[in-house]
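J.: Chain by chain, the residues run as shown.
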Amino acid sequence: MADPQDTGLDLDGLLARIHGNHGALTQLVGVMLTHLPTRIAAVRDAAGAGDIATLADCAHALKGSLSNFTTGPSWKLASAVEQAARRGDAAGAIAQVSELEVAVQAVQAELQVWRDGDGA
Amino acid sequence: MRAVVVDADPVARVLLHEALGRAGHAFETFADGEEALARFAREPLPALAILDWRADGVDGVDLARRLRSLGPRAPYVLLTAAPGEREAARTALTVGADDLIEKPLRLDELELRLRIGMRTQAARMEVLRLRAELIGRSRVDLLTGLADRRAITERLQDELARGKRMAAPIGLLLIDVDQFRAFNDVFGHEAGDAVLTTIAARLRRVLRRYDSFGRWGVEEFLAVLPGCKIDQLGALSERLLAAIRSDSVVTSQGRVAVTCSIGAFGLPCDAPEDIPDVDVIAAVLERAANEAARAGGDRVRLLKMDARSDTPDDAVDATDGPDAP
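Protein chains in written order, with my numbering: chain H, -15 to 104; chain C, 221 to 545.
These aren't lab readings, by the way, just hints derived from the structure by calculation. Every residue gets a Cβ at the ideal spot worked out from N, C-alpha and C, and that includes glycine. Hints are not guaranteed to be accurate.
Here are the simulated distance ranges between beta carbons [to be verified]: (1) C:E254 with H:T22: 18 to 24 Å; (2) C:S472 with H:A75: 57 to 63 Å; (3) H:A75 with C:A246: 44 to 50 Å; (4) C:R259 with H:R71: 33 to 39 Å; (5) H:T38 with C:R475: 53 to 59 Å; (6) H:T38 with C:S358: 53 to 59 Å; (7) H:D35 with C:R259: 28 to 34 Å; (8) C:R339 with H:T22: 34 to 40 Å; (9) H:D73 with C:R349: 52 to 58 Å; (10) C:A352 with H:T10: 45 to 51 Å; (11) H:T10 with C:R259: 27 to 33 Å; (12) H:D35 with C:G304: 56 to 62 Å; (13) C:S358 with H:D35: 56 to 62 Å; (14) C:A246 with H:D73: 43 to 49 Å.
Work out the full structure: start from the sequences and follow the hints.
T.: Now the structure itself:
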């Protein structure tokens, strides 16, 4: 598995997809920072409850949000959790949730730095 | 144009907000598909619906299918889906979605697809408008397939003009379904429609090919009978009444017996200057049909123009009076 700290965040790519609109990028980063904790908490709760169907849906939703910013480790882990959950591999899915949380926290941290720094 | 976005992902909603705003469209966003469907049920349909394959509450296939079931005015459906969902999203295309765009969204591609969607939807609405216009111009009563009121009125005017020119008689029958409004109230419009279509078909079979026949009112039919002499109208009317009552009518509420009342009016056309206009003729026919209905229905009331008068009030009751055939 790739280094979870290597977020693969591609804000330049996102900026290109939104016609270089810096204001919109700032807004998107803000929305992502607001919603990421909720998304990852939902994944954690579903895994804790052993609710595989909900875990698959929550991992999917997290993957969808992440896909706008990165296809790095966080996105790959969310995808792996979703796929494992959908094929009924509860142990395999739940086992990757902690690693996913770490990867998502790294994305959050990098987005926060960007927003607090010159990038925003 | 008005658009609706259904996507559980707040980031995607911001991107769609940006694209729709740039294109100048008014729009609403929903995270939940069920909420969007509830809104569609209450308010006019939007022109465009941008749906995520996995919106909360209802999946993309079901949402697309339900939107398409809303009829020809259903919105143009642009589905968004992650690359891994492509196969499933294709299913949505087969059941009602119009286009598919992959996530993550790119504004340039999104704007292009929106433009295509809006153009397609505008073309669809134009087709619907033209269809409605064609139906209006076709002058066919959609329920019975007969000439509608405007068309049968025009044929009446044509026959009156021809009768005057040729000094040929014209027979006119206004056929009114007995107790139709009460029937509709009790058995419903669907059963009422079955009665009207059945009666129309039975009457058409008795009338001659060159007679004009159309729907005059909700439960009224007008027959224009060129060359039909006044003394033939009574017998023809009796044949029509017999055809109507010959069998019960099959409706969604079961078989029902139906009768009609006929107002008959003959124009000899031997004194063209005495021929009244369409409004006067219509009033005389309706008066005659009403009298037949008030007398118990399933009968004909025959009136004819008094040759010595040119006013409808002087029409002679030919059924009961001395001029009866």
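J.: The structure should be examined with respect to each hint, and the outcome stated for every one.
T.: Going down the list of hints, with the structure as the test:
{"no.": "1", "hint": "C:E254 with H:T22: 18 to 24 Å", "result": "20 Å, holds"}
{"no.": "2", "hint": "C:S472 with H:A75: 57 to 63 Å", "result": "58 Å, holds"}
{"no.": "3", "hint": "H:A75 with C:A246: 44 to 50 Å", "result": "49 Å, holds"}
{"no.": "4", "hint": "C:R259 with H:R71: 33 to 39 Å", "result": "36 Å, holds"}
{"no.": "5", "hint": "H:T38 with C:R475: 53 to 59 Å", "result": "56 Å, holds"}
{"no.": "6", "hint": "H:T38 with C:S358: 53 to 59 Å", "result": "56 Å, holds"}
{"no.": "7", "hint": "H:D35 with C:R259: 28 to 34 Å", "result": "30 Å, holds"}
{"no.": "8", "hint": "C:R339 with H:T22: 34 to 40 Å", "result": "38 Å, holds"}
{"no.": "9", "hint": "H:D73 with C:R349: 52 to 58 Å", "result": "54 Å, holds"}
{"no.": "10", "hint": "C:A352 with H:T10: 45 to 51 Å", "result": "48 Å, holds"}
{"no.": "11", "hint": "H:T10 with C:R259: 27 to 33 Å", "result": "30 Å, holds"}
{"no.": "12", "hint": "H:D35 with C:G304: 56 to 62 Å", "result": "22 Å, violated"}
{"no.": "13", "hint": "C:S358 with H:D35: 56 to 62 Å", "result": "59 Å, holds"}
{"no.": "14", "hint": "C:A246 with H:D73: 43 to 49 Å", "result": "45 Å, holds"}
Checked against the numbered hints above, the structure breaks only hint 12 and satisfies the rest.
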